[in-house]
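> Read off the chains here:
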Amino acid sequence: MSKDLLLVFPTTHLTLMAEKVFKGAGIKHRTIMKPRKISSDCGLAITLDMEQADRIRVLVESSGHMPAAFYCKGENDWELLFRIDGSGEMA
Amino acid sequence: MTRPTIYLNNAATSWPKPQEVMEGMARALRELVATPGRSGSAGLASERALFEARETVAEFIGSSDSSRVIFTLNATAALNLAITGLLEAGDHVVTTSMDHNSVARPLARAADVKGVEVHRVQADDQGQISADQIIEKITPRTRLIVLTHASNVTGGIQPVEEICSIVRTVDGNRPLVLVDAAQSAGVLPIDVEKTEIDLLAVPGHKSLYGPQGTGFLYVRPGVELIPLVEGGTGGQSTLERQPEELPDRFESGTPNVPGIVALGQAVSYISRRGVENIRSHESRLLRILTEGLSGIKGAALFGPCDPSSQIGVLSFLLEGMDPAEIGSFLETSRGIIVRVGLHCSPCSHRSIGTFPEGTVRVSPGIFNTEDDVQALVEAVRDLQRARGVM
Numbered sequence: 001m002s003k004d005l006l007l008v009f010p011t012t013h014l015t016l017m018a019e020k021v022f023k024g025a026g027i028k029h030r031t032i033m034k035p036r037k038i039s040s041d042c043g044l045a046i047t048l049d050m051e052q053a054d055r056i057r058v059l060v061e062s063s064g065h066m067p068a069a070f071y072c073k074g075e076n077d078w079e080l081l082f083r084i085d086g087s088g089e090m091a
Numbered sequence: 001m002t003r004p005t006i007y008l009n010n011a012a013t014s015w016p017k018p019q020e021v022m023e024g025m026a027r028a029l030r031e032l033v034a035t036p037g038r039s040g041s042a043g044l045a046s047e048r049a050l051f052e053a054r055e056t057v058a059e060f061i062g063s064s065d066s067s068r069v070i071f072t073l074n075a076t077a078a079l080n081l082a083i084t085g086l087l088e089a090g091d092h093v094v095t096t097s098m099d100h101n102s103v104a105r106p107l108a109r110a111a112d113v114k115g116v117e118v119h120r121v122q123a124d125d126q127g128q129i130s131a132d133q134i135i136e137k138i139t140p141r142t143r144l145i146v147l148t149h150a151s152n153v154t155g156g157i158q159p160v161e162e163i164c165s166i167v168r169t170v171d172g173n174r175p176l177v178l179v180d181a182a183q184s185a186g187v188l189p190i191d192v193e194k195t196e197i198d199l200l201a202v203p204g205h206k207s208l209y210g211p212q213g214t215g216f217l218y219v220r221p222g223v224e225l226i227p228l229v230e231g232g233t234g235g236q237s238t239l240e241r242q243p244e245e246l247p248d249r250f251e252s253g254t255p256n257v258p259g260i261v262a263l264g265q266a267v268s269y270i271s272r273r274g275v276e277n278i279r280s281h282e283s284r285l286l287r288i289l290t291e292g293l294s295g296i297k298g299a300a301l302f303g304p305c306d307p308s309s310q311i312g313v314l315s316f317l318l319e320g321m322d323p324a325e326i327g328s329f330l331e332t333s334r335g336i337i338v339r340v341g342l343h344c345s346p347c348s349h350r351s352i353g354t355f356p357e358g359t360v361r362v363s364p365g366i367f368n369t370e371d372d373v374q375a376l377v378e379a380v381r382d383l384q385r386a387r388g389v390m
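Going line by line, the protein sequences match chains U and H.
So for the first sequence, our numbering puts the first residue at 1; every next one is plus one.
So for the second sequence, our numbering puts the first residue at 1; every next one is plus one.
FYI, nobody ran anything at the bench for these hints, they're computed from the structure.
All residues carry an ideal CB built from backbone N, CA and C; glycine is no exception.
Don't take every hint at face value.
As the list claims (entries may be wrong) - SDA-like cross-link-like pairs, simulated, lysine to any residue; straight-line CA separation at most 20 Å:
| hint | chain 1 | residue 1 | chain 2 | residue 2 |
| --- | --- | --- | --- | --- |
| 1 | U | K20 | H | A58 |
| 2 | U | K23 | H | E55 |
| 3 | U | K20 | H | K114 |
| 4 | H | K114 | H | Q133 |
Stated by the list, open to error - Residues of chain H clear of chain U, computed beta-carbon distances all greater than 10 Å:
| hint | residue |
| --- | --- |
| 5 | R48 |
| 6 | N101 |
| 7 | G115 |
| 8 | V170 |
| 9 | Q236 |
| 10 | P243 |
| 11 | L246 |
| 12 | P247 |
| 13 | D248 |
| 14 | E276 |
| 15 | A300 |
| 16 | E325 |
| 17 | S328 |
| 18 | N368 |
| 19 | E370 |
| 20 | D372 |
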């Protein structure tokens, strides 16, 4: 697994909620300490395989209460792809 | 030989605690070394433990979103957050004369400082109120209705479901309903989403059988409160102001990890035993107490005296005797622990006509037996015989 997709949530509670959702859906993931350059949100992040991105996005959007920032691994650092707000909409 | 203690003061705090609650707390102290959100990966184990406890509590009260469960020091802290965090100048509140001081005092401050108007519905001489009494006091300015799910003085149950279902039909600005479940959580079934309860305050250490220093407030989505405590939340540290997201918005500072972990264990324990089974057990003990004490000459019982409308809490007095003397006799001569006085609820005692002396309150729990409550009845009978009343 390349772990080239990074999800960051506003709170640790939401990160752990996402962990639970991904585990329930059988999606491989790893909870890590958030990379230093991403300054906002909580101290944790979840890394996943980019190939799973569409499925993950659907899960996060359908939860309706899991605002999240999606990052991809760039050449030198993580780059923001998009955000989903608390109502499950693209922000 | 030391006489065993018969503990009948579970309405104050339950005792003993289930083995797994004690073990959960000890394990947390031993193994969860780091502060959640503040100690790198070592803190993650603590975070997960808090998350699991929050999920357990949320499921127990019927909340599909565990972030709406705010851990607090006790029910009093939860009630203070709900009342002080919500009310603003010009608001109107409907409450009842069966309030505990943990409701009455924050409301009094809201009246003094913010000019909030508080209408206290008067209970009857058994401490009971009807849904109609509450509903007819609602005005367009009513922001909050406070209900005591079960009285800590009489055990009387207030019609929370009925009131919530009527409040749902109110046109315009629907008042919010705050339920003080200090005595009922763990004994009466509670489903915040089905009943549409807006705010629910619960202690961990009473009928949930968790440790002291734990409790929680459920906040329904869409209900906005101002935090009473602000500070570090372990995340979003770049923000100058308190974050908006729950539970962080209301949980600044290092949390009581061992206590909350043990509370999660306690709620799991109560769920496994079953609230209906617990209610049935306490009703059986209450029936023995009610029938036994009411047959003693000179004894006066207060409240509904009916297990169908009362939890396992019973107040009584003996004619011509100070309740403190009765409590002292029970403890020193029989090792029976009860609570005497006003039970931090003077307005309840005014309602049932026992102010300012108060009553003797008997409150069995899940670990009490029929022999325990029978021993209390026998002790009171012996006391009356010794006084020459019988």
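> Give a verdict on every hint.
Hint-by-hint comparison with the structure:
1. U/K20 / H/A58: holds, 15 Å
2. U/K23 / H/E55: OK: U/K23 and H/E55 at ~15 Å, within 20 Å.
3. U/K20 / H/K114: At roughly 43 Å apart (the allowed maximum being 20 Å), H/K114 and U/K20 break the hint.
4. H/K114 / H/Q133: Violated, at about 25 Å.
5. R48: violated, 6 Å
6. N101: It holds; H/N101 is separated from chain U by about 32 Å at its closest Cβ, greater than 10 Å.
7. G115: The assertion about H/G115 holds, with a minimum of 34 Å to chain U.
8. V170: holds, 26 Å
9. Q236: violated, 6 Å
10. P243: violated, 7 Å
11. L246: violated, 8 Å
12. P247: violated, 6 Å
13. D248: violated, 5 Å
14. E276: holds, 29 Å
15. A300: holds, 50 Å
16. E325: The assertion about H/E325 holds, with a minimum of 51 Å to chain U.
17. S328: Given a closest Cβ separation of 48 Å, the condition holds.
18. N368: holds, 37 Å
19. E370: holds, 43 Å
20. D372: holds, 42 Å
The structure does not agree with the numbered hints 3, 4, 5, 9, 10, 11, 12 and 13 stated previously, though it agrees with the rest.
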